[in-house]
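Student: Sequence:
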Amino acid sequence: MHNPRCKFLILFVQLVSIISFCDYVIRIRGEDSKHSAVKVDVGIILDLETEVGKVMHISILLALADYHSRGAIRIVPHIRDSKKDDVEAASAAIYLLKDVQVQAIFGPQMSTQTDFVIDLGERVRVPIISPATSPSLSVKENHYFIRGALPSSSQTKAIAAIVKNYHWREVVVIYEESPYGTGILPYLTDALLEINAFVSYRSGISPSANDDQILRELYKLKTMQTRVFIVHTQENLASRLFLKAKEAGMMNSGYAWIITDVLTSLLDLVDTSVIESSMQGVLGIKSYVPRSNERDMFTKRWRKRFRQEYPDMDQVELNIFGLWAYDSITILAEALEKVGTTSIQKLRKPDTRENITDLDALGTSEVGSLLIHSLTNTELKPGLSGDFHIVSRELQPSPYQIVNIIGKGEKIVGFWTEKDGISHKLKTNGKTAITNNKQLGVIIWPGESTDVPRGWEIPTSGKKLRIGVPDKGGLEQFIKVVRDPKTQAVSATGFGPDVFKEVILSLPYAVPYDFVPFPIAHSPTSQNYDDLVNKITSKEYDAVVGDVTILASRSEHVDFTLPFSESSISAVVPVRNDDRKNAWIFLKPLKAELWIATGAFFVFIGFVVWVLEHRVNKEFRGPKRKQVGMIFWFSFSTLVFAHKEKITSNLSRFVLIVWVFVVLVLTSSYTASLTSMLTVQQLQPTVTDLNDLIKNGEYVGYQKGSFVKDVLTRMKFDSSKLRSYRTLEEYDDALSRGSKNGGVGAIVDELPYLRLFLNKNCRKYIMVGPTYKAAGFGFAFPKGSPLVPDVSRAVLKVIEGDAMNEIIQKWFGNETECPKQDGMAIASSLTLDSFKGLFLIAGVSAGSALLLFFLIFLYQNREILATDDSIRKKLCSIAEVFDSERDNSNSQSTKPSEGNESLTAVFAESEASTEISPNLPLQIPEIGISHGLGESPATEGFSTTEPGTPVHETMSGKIEER
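UniProt numbering applies: residue 1 is where the sequence shown begins, and numbers increase by one.
Any given hint could turn out to be false.
Capping the alpha-carbon separation at 20 angstroms, the derived lysine-lysine pairs in PhoX-like fashion look like this [stated by the list, open to error]:
1. Lys695 - Lys501
2. Lys83 - Lys54
3. Lys501 - Lys486
4. Lys220 - Lys244
5. Lys773 - Lys539
6. Lys411 - Lys425
7. Lys721 - Lys695
8. Lys220 - Lys463
9. Lys164 - Lys425
10. Lys338 - Lys304
11. Lys716 - Lys773
12. Lys810 - Lys797
13. Lys464 - Lys539
14. Lys783 - Lys535
15. Lys222 - Lys246
16. Lys764 - Lys709
17. Lys591 - Lys797
Derived by calculation from the structure, the hints in this document are not laboratory data.
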């Protein structure tokens with residue numbers, strides 16, 4: 001029986017032998033595959049003396065190891081250390097291109113070093129993939145340059161979004177004096193201008209500056225009004241900067257600090273003590289890297305490898321540059337594989353000559369153009385840094401994180417994307433980034449404050465703002481300067497200062513100020529409002545308050561707030577004498593042409609009626625003199641509806657009905673117009689147009705020191721005809737005297753002043769047009785003053801509230817003592833244009849009736865026209881027939897005469913039996929057409945009465961008895 005232990009030992013030895021053999025076979029095959037894979041030389045230039053260089057070094061080694069486990073080619077890295085020196089970097093690049101003949105170079109990491117290496121790559125057609133972030137390195141100008149990191153210019157819109165979110169209007173940029181620091185400035189300035197903000201000051205600090213120089217620069221910034229600082233430096237300079245900012249008292253409440261992408265991403269390289277003591281409350285932005293299992297596993301591997309390579313640097317962590325380096329090497333390896341192993345060759349050497357330099361000895365790559373084409377548009381999705389997408393040799397922007405430095409680390413308070421802007425949270429939904437809640441989270445600002453800094457402070461170290469006010473000695477309702485005789489303290493009252501005081505009180509912070517008078521009325525040098533505004537430009541005043549009009553010329557030098565009062569330019573002139581005292585006012589309601597047309601139509605209508613009635617109506621016959629008088633009498637009597645002649649022709653009745661309607665409209669309009677002229681006060685200006693003043697050589701007045709003088713000069717007024725005045729009393733005196741007596745014919749000023757003037761003198765003067773628009777009264781501040789937006793918002797609040805009405809009531813009253821001139825009647829005479837339609841209807845009606853009459857008349861006497869007599873004889877015969885009375889034998893023609901005989905009998909009986917009072921009204925039937933309701937024309941010695949009266953009934957009965 002065999003020993004079991006011996007069997008187990010034999011089995012174990014056999015198993016170990018098999019495993020060893022298999023491992024040997026695998027290693028042999030692996031060595032064979034390594035020897036058979038195409039080797040490609042790639043240069044790596046890093047600053048291995050820096051933490052960032054070491055981080056990228058480990059990431060590159062791990063990227064190559066990961067690719068070799070699955071790739072078809074073998075990349076041989078040739079790593080060179082630039083030692084923080086531009087010359088070393090250039091020397092390393094020349095060595096790699098000339099001696100090693102690499103197919104591509106990754107690095108350098110510094111912008112100054114990369115600039116020269118890019119030029120070498122262009123010469124030899126070798127792609128250069130660099131993590132340098134300076135936007136001064138252009139991929140458009142360098143066709144063999146690929147940026148393997150986000151340029152610093154891509155973050156400027158995110159910074160501008162933060163500035164806009166907190167309504168800051170100006171910032172100070174503190175940058176490192178290097179290509180890395182200066183490259184961002186133009187892009188940041190443009191981004192801020194797009195949101196109506198600007199860089200008020202650029203503070204450049206050299207990386208070699210000592211602490212005293214940094215502190216001196218910070219004290220200089222502290223004396224300025226801006227309290228928002230954007231820091232764009234590398235981590236070493238930033239550490240010293242914030243230590244000195246803390247020492248200068250600039251990390252207290254009211255300050256806001258924003259650090260850029262690179263500094264925020266490398267915050268772990270800053271000493272923890274500096275962060276805890278001097279960087280609390282700082283905002284930072286950095287590229288957003290989504291969490292993934294692959295990245296977590298890689299981070300563990302990276303830490304292990306880093307500790308092996310650099311055991312004395314246990315505090316350094318993987319950062320965004322390490323992730324970008326890993327992804328860059330990965331896409332480079334894949335691009336080399338796409339080009340193909342057969343295409344990869346050594347650089348083609350130039351023709352050898354004696355005494356050539358290293359640059360002349362560089363060859364050109366045969367595969368460079370193919371490789372750069374493969375790298376131009378490529379994507380690694382997902383990469384360790386997120387979507388690593390190269391478009392046109394430029395890495396595409398990713399979302400940015402906004403962090404708040406608290407304690408030893410940072411707190412995420414929001415995100416920013418190109419599409420959606422700022423958001424509190426960033427969610428991933430498939431391929432779409434979704435943002436919500438367009439606000440940042442709670443931020444702890446410097447000084448452990450949760451109140452958002454307003455972005456500026458009064459820069460005078462406790463001094464009050466110097467507010468210039470015009471001292472013109474008149475129009476005290478708008479501005480009045482008062483000096484205390486004991487203390488000589490200056491105060492200002494009036495509409496403008498009171499509005500300003502109310503606006504300052506409504507601001508969420510205190511703004512101390514002092515009023516400084518600016519003499520206008522009593523100045524020997526004739527200073528005006530433009531001179532007052534220019535005092536802001538010369539920094540003598542911090543602001544100007546009063547009745548200062550917003551003008552385009554002034555806004556070129558200062559910033560105005562929103563207007564707190566409307567303003568336009570107009571003129572006031574005296575009113576004419578009262579026309580009610582004119583003896584001929586009864587002619588004024590109608591224009592002369594309307595009087596003439598009316599008279600002509602009266603004659604025409606009288607003639608037409610005479611023609612129609614001449615043959616059939618005895619009252620229209622008789623001597624020629626009587627007939628001519630009848631034409632005028634009958635027509636004009638219709639004006640007062642007093643015609644008593646009987647009308648027998650239907651055509652005459654038709655003409656008369658139309659004409660009476662025209663007369664009714666005419667008389668009603670005349671009566672209304674005359675009544676208005678006699679009863680309503682007429683305010684008519686002596687001048688209706690300013691051009692008339694120029695033509696007549698009239699003098700024109702304006703307010704002393706006002707811009708209105710320039711307006712009048714532009715309107716071609718002679719400067720010798722312009723006179724300035726200070727008070728409303730002087731306005732009144734000048735207008736009362738007139739141009740011929742040392743006064744003026746008009747006062748031209750802004751509406752607020754003219755309304756106040758007319759409120760006291762509305763019955764003597766009137767405002768005439770046209771009105772020239774102006775922007776209104778506003779408060780003036782220096783260009784770019786952060787007070788302007790806050791004061792403008794406060795102005796709106798005051799205008800919309802009750803305080804504004806109280807101020808207006810206080811200084812101008814309610815204007816009830818004098819009626820508004822807009823409501824006063826300025827009656828004008830009626831013109832012919834208003835009655836053309838009526839006259840046309842009357843003329844057509846009368847003409848049609850006359851034409852119809854002649855057609856019938858000629859038809860009835862056609863036998864005369866048919867004779868062989870001469871035309872003259874025919875006309876004479878026709879005239880004789882027309883002049884003869886027509887014999888009416890029918891009942892319709894005799895009935896009126898019977899009525900007249902009955903009426904005569906009634907009159908006789910009435911006189912015999914009853915004594916009739918001369919004033920007793922009597923209805924006379926069928927004497928003419930009625931006018932009005934139940935009224936007939938009066939006969940001689942009689943008036944009319946309404947039907948149904950006792951007299952009417954009695955006489956009607958007697959007529960019926962007959």
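Student: Looking at the structure, which of the earlier hints fail to hold?
Tutor: 1, 3, 5, 10, 16, 17
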